[in-house]
Amino acid sequence: MNLIEKLLEKGRPVVLDGAWGTELQAKGIPTGINPDTWNLSEPDLVCEVARSYVDAGSQIILTNTFRANRIAFLNQPEAEQIEAINKAGVEISKRAAGDRAHVFASIGPSGKFLVTKQVTKEGLLQNFAEQAQAQASAGADGIVIETMGDIEEAKLAVQAAKATGLPVVACMVYDSGKKKDRTMMGISPTQAAEALTEAGADVIGANCGNGIEGYIPICESLSKATHLPIWIKANAGIPDLVGGKVIYRTTPEEFVDHIPALLEAGASFVGGCCGTSPDFIRAVCTKLRGN
Amino acid sequence: MGAEEIAKLIEAVDETATEAVSGALAAGEDPVRLLKEGVVEGLRLIGVKFEEEEYFLAELMMGAKLAERCIELIDPHMPPNSVTTRGVIVIGAVEGDLHDLGYSLVAKQLELAGFEVHQMGVNVAPMSFIDKAQEVGAGIIGLSAFLVTTVPSCRDVVDYIRDMGLSDTLKVIIGGTATSQERADEIGAQGWAANAVEAVSLCERLTEVEQAATQNL
Numbered sequence: 009m010n011l012i013e014k015l016l017e018k019g020r021p022v023v024l025d026g027a028w029g030t031e032l033q034a035k036g037i038p039t040g041i042n043p044d045t046w047n048l049s050e051p052d053l054v055c056e057v058a059r060s061y062v063d064a065g066s067q068i069i070l071t072n073t074f075r076a077n078r079i080a081f082l083n084q085p086e087a088e089q090i091e092a093i094n095k096a097g098v099e100i101s102k103r104a105a106g107d108r109a110h111v112f113a114s115i116g117p118s119g120k121f122l123v124t125k126q127v128t129k130e131g132l133l134q135n136f137a138e139q140a141q142a143q144a145s146a147g148a149d150g151i152v153i154e155t156m157g158d159i160e161e162a163k164l165a166v167q168a169a170k171a172t173g174l175p176v177v178a179c180m181v182y183d184s185g186k187k188k189d190r191t192m193m194g195i196s197p198t199q200a201a202e203a204l205t206e207a208g209a210d211v212i213g214a215n216c217g218n219g220i221e222g223y224i225p226i227c228e229s230l231s232k233a234t235h236l237p238i239w240i241k242a243n244a245g246i247p248d249l250v251g252g253k254v255i256y257r258t259t260p261e262e263f264v265d266h267i268p269a270l271l272e273a274g275a276s277f278v279g280g281c282c283g284t285s286p287d288f289i290r291a292v293c294t295k296l297r298g299n
Numbered sequence: 002m003g004a005e006e007i008a009k010l011i012e013a014v015d016e017t018a019t020e021a022v023s024g025a026l027a028a029g030e031d032p033v034r035l036l037k038e039g040v041v042e043g044l045r046l047i048g049v050k051f052e053e054e055e056y057f058l059a060e061l062m063m064g065a066k067l068a069e070r071c072i073e074l075i076d077p078h079m080p081p082n083s084v085t086t087r088g089v090i091v092i093g094a095v096e097g098d099l100h101d102l103g104y105s106l107v108a109k110q111l112e113l114a115g116f117e118v119h120q121m122g123v124n125v126a127p128m129s130f131i132d133k134a135q136e137v138g139a140g141i142i143g144l145s146a147f148l149v150t151t152v153p154s155c156r157d158v159v160d161y162i163r164d165m166g167l168s169d170t171l172k173v174i175i176g177g178t179a180t181s182q183e184r185a186d187e188i189g190a191q192g193w194a195a196n197a198v199e200a201v202s203l204c205e206r207l208t209e210v211e212q213a214a215t216q217n218l
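Residue numbers (our numbering), protein chains in the order written: chain A, 9 to 299; chain B, 2 to 218.
Chain B on its own, in the form it takes in the complex (with noise of 0.2 angstroms):
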């Protein structure tokens, strides 16, 4: 069985992926390919399910455990040096809130698409967010907001990061149900995510930019 059918019973959640994974790399496939076009493209078909809102959050995490075993049985077979990552990412539930689910969820989804990401938990202080992003070399904070109360606490991040000339360097992302698109803009953010599928695009995106911005230099 090759990536193609793998990627397919990754987008159905089946669990047979596992034994097709196990036969594939026993067949000689090449475990890169298995590892890109097969479960993280079945990832990516879930994610387009998930958008249009025929699979649910059940379907997306049953995915997402699913796509973590496979990717374990692939990985002693990775290439040395093959595995790079797309970029560093610090994570977490802003001050003032307490919801844990949301941002957890994205990044397990920001994990499984290949960046490193740093979780720092719920309710925490807009400097301790730049302070890891500092300490890990974060290009991006994500911002988790569930209670349009701490929608202030996402705009005290962009303000310090802004205030200690870091902007250039390190780009804000919000999600939650208290946020959008228009509230990211009012509060200088550099991009907004409706859920963990939206936020590897816009994290894919950013990482883009900023690579071909320094490519450029």
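Chain A on its own, in the form it takes in the complex (with noise of 0.2 angstroms):
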């Protein structure tokens, strides 16, 4: 029996964690930076915010790795550190984790197109395969592909991540289209759950770009592609500025309001994306295992 297999084993949906980059701002992260680098800067803070996770209940917390790639860091100094940075955030979540949840590494996308060849299959293929075999190496439980738009670079960061004989988790991010049900690329949940599967992933899913109650529809249209489980983490609505300071409409309570919906849909896995926090995964648990 593979972990997948496991967590799902007594049939109740898995909680996973919230928003990284919202929570990593809150403790001062300066802009301008790619946050992941605090992995080897600030370990300690990164690691409160691991722990906010777990203490909350979430069985699964991801790693500061979203953007830590060589291609991310082209031209930077950082580059050179790639297989630090993927370790450190490893370790740092495992020891946030203990043996009270699993850690699955964060693979986010290169930020380039394959479209207009700015990058070549090949490229990508190697800038993944660095980041999953450090996460791996670093004993990482799991890989989650997450917030991509490109079903080719999806596909090949699958193919990367599978290599390390962990269970990799394919999320597309779907911000667009009149129904804001299809990736920026014009990708619907049906392709990508058929694309993705094919490719091997062992869990299908949805993050960001879209709050919690858009996110019910495309649930639905990626259970019905797909035999594999279906991971959902959505935002805590679309950020607005005010005052100058970021707000997310959706409260904790708004959002899980819409759990039951999303599991009727078909999802197996659920936490948040942007704007959630340890207080959305918090009032997810109550709603799911009630007090």
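In short, the hints are calculated from the structure, not lab data.
Wrong hints could be hidden among the right ones.
Restricting the straight-line Cα-Cα distance to at most 20 angstroms, the calculated cross-link-like pairs of lysine to aspartate or glutamate (DMTMM-like) are [as the list claims (entries may be wrong)]: (1) A/Lys186 / B/Glu53; (2) B/Lys109 / B/Glu69; (3) A/Lys125 / B/Glu60.
Computed from a prediction, not measured in an experiment: that's the story for all the values here.
Dock chain to chain to rebuild the complex, using the hints, since each chain is given by itself in its own frame.
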């Protein structure tokens, strides 16, 4: 029995973590630096974010490694520390998790486009392989490919992550189209679920770009298109700037009101993305398990 | 095959557009007409479909690549001095913002629409935008902000331009997921564009206003 099967064995939904970026900002991370560099310079503050999610009840937490790939760090001195940043990210989350949660390492998009030949398939594969291997060697329990807009890039990331032998979750971001149910490149949930299942992912998911209510029909489409479990991490609505401060309008209470519908639509793993916090995760746990 | 058919091929992101352009040039079609009523019109039609959310980024980017290849074929046939720049634009992601997807796409569309575009990269300090604009004689600075936390950096650029007394000749436009028309108005920017296609229309409008004002002097 692999880890994913074990996690779902009891037939209950698995609670994930919430946002990292907005939590790190609250801890004072300066704008203009790649937040992943804090794994080396401010590991204790990163660990506080990780621990806050474990304390809130997350059964799986991610790592602060979303943009820790060589293409994202192009022309920056940190490019030579990719391996160290990824390893540190996994180690920090494992330290916070102890035996209370599993650690799935985060891999985000490269930030470059295949379609305009800014990058090649080989270059992307090598890029993700370097990141995934560093994460696996540091002891990650799984790998989450997230916020992908281009299905070709996502498939290459799955290929690189699968080579580590770890379970792989593959998530796209749906934020485009009239119904906000397409990726920026126009991929539908059905197309993504089919392609990522074929690519060898163990869990199919969606994150960011949409509030939780927007993810209910998307979850339904994903669920219909694959036999694999579904993973959803929605935003706390769309951010707004009020008096120089970033405001996410959805409250934890409003967020969890949609959890039953999300589960009904087929989600097995639920958590939050931008704007969500440990309070959201606590509210999700309460909703799912009672007090 | 004439300019109208080429526009339709580009609109459909049909790779045979390049063969059609070569054929039209060999048949003696007017290169200026092929460029304006064929390639540029085709791009405009892609833009309409993108704005109507019938097309996505994939079509927009592939269409831009296709148009570029067509322009490369037409360029050597253009009469001397027929290529005029519609305006000079400096563009980049503001200080604190590391996203390069959005602004580079806007830059490409502006270039294809005939603007001279200078890309500044990501995490650009406010004064660097202004220094570059003055160096290259730009009339517009395009600021990209994908994070709401970086909107204040857009305001800094607008404020510095005003404080330096450059507001009459240097306009600021903003774009990116953290921006809106309301936010542009709040910080005193001269325009906002929701996407690359709107950015082209906005720059065209601002440039025309500027040229009309100059002619009236």
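Point to revise | Hints not upheld, ascending by number | key: Hint check: nothing fails, all pass.
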